[in-house]
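Please construct the entire structure, taking both the sequences and the accompanying hints into account.
Per this note's numbering, the very first residue in the sequence shown carries number 85; after that it's consecutive.
Watch out, some of these pointers could steer you wrong.
Claimed, not checked - Simulated pairs of lysine to aspartate or glutamate, EDC-like, Cα-Cα distance not exceeding 16 angstroms: (1) Lys234 - Asp124; (2) Lys159 - Asp92; (3) Lys159 - Asp199; (4) Lys221 - Asp115; (5) Lys234 - Glu154; (6) Lys159 - Glu202; (7) Lys221 - Glu192; (8) Lys159 - Asp198.
The set of hints was computed from the structure by calculation and includes no laboratory data.
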Amino acid sequence: MHPLVGADLSELVRNSGTGGYSDDALYFMTDDEVSEGLTDVNPRGHPYSPIAEPSHVETVITRLPDENGEPQIWKYSRYYSNPKFWGGASNPDQSISPQPEGGPAEFELYNLGDDPLETTNLAWRCGQNAATDRVIKTLQAMLVQQRRKKRLRPTGQVED
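Rendered as structure tokens:
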């Protein structure tokens, strides 16, 4: 039996939405084929094409101090192709290099304090801006750490 994951939000509920905030990183992932259904028709009856790979996602949202030590909320997402869905082995770390189907991973990085609507993806600055490189490196490590801590696996399945 796996230990429970997630956060205790009871204090937040008891206090009508105030208090109960934690500095723990928020981790989200899905391997669902979210754009595929029983039919490729939207609720209005119009056909659509499923999202092309890489379409699996994992995200970490956390606070990091800026150059002045002020906390900033950052969001880092990785979209990847999971070979489990095209006959390969399941491995969330596999997308570092291009794959036969789906291609390499794609990344998004946002400072949610400066850009709450996520209009400017800062990941393109990788290798061009030392401050952004530090944030990306920190968030990449945090993503791996949160995946190991929070992503559930069926009993008996070995960890990647």
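Here is what the structure says about each hint:
A hinted pair counts as satisfied when its Cα atoms are at most 16 angstroms apart, and Lys234 with Asp124 does not qualify at roughly 32 angstroms. Only pairs whose Cα atoms come within 16 angstroms are accepted, and Lys159 paired with Asp92 is rejected, the gap being roughly 21 angstroms. Between Lys159 and Asp199, the direct Cα distance comes to roughly 10 angstroms. Compliance with the 16 angstroms bound is thereby established for this hinted pair. As the CA atoms of Lys221 and Asp115 are separated by approximately 24 angstroms, the hinted pair breaks the 16 angstroms bound.
A C-alpha spacing of about 27 angstroms is found between Lys234 and Glu154, which places the hinted pair above 16 angstroms, so the restraint is violated. For the hint linking Lys159 to Glu202, the alpha-carbon distance of about 9 angstroms falls within 16 angstroms, and the restraint holds. Taking the CA atoms of Lys221 and Glu192, the gap is about 13 angstroms. The hint holds against a cut of 16 angstroms. A C-alpha spacing of about 12 angstroms is found between Lys159 and Asp198, which places the hinted pair at or below 16 angstroms, so the restraint holds.
Violation of the numbered hints given earlier is confined to hints 1, 2, 4 and 5; the remaining hints are satisfied by the structure.
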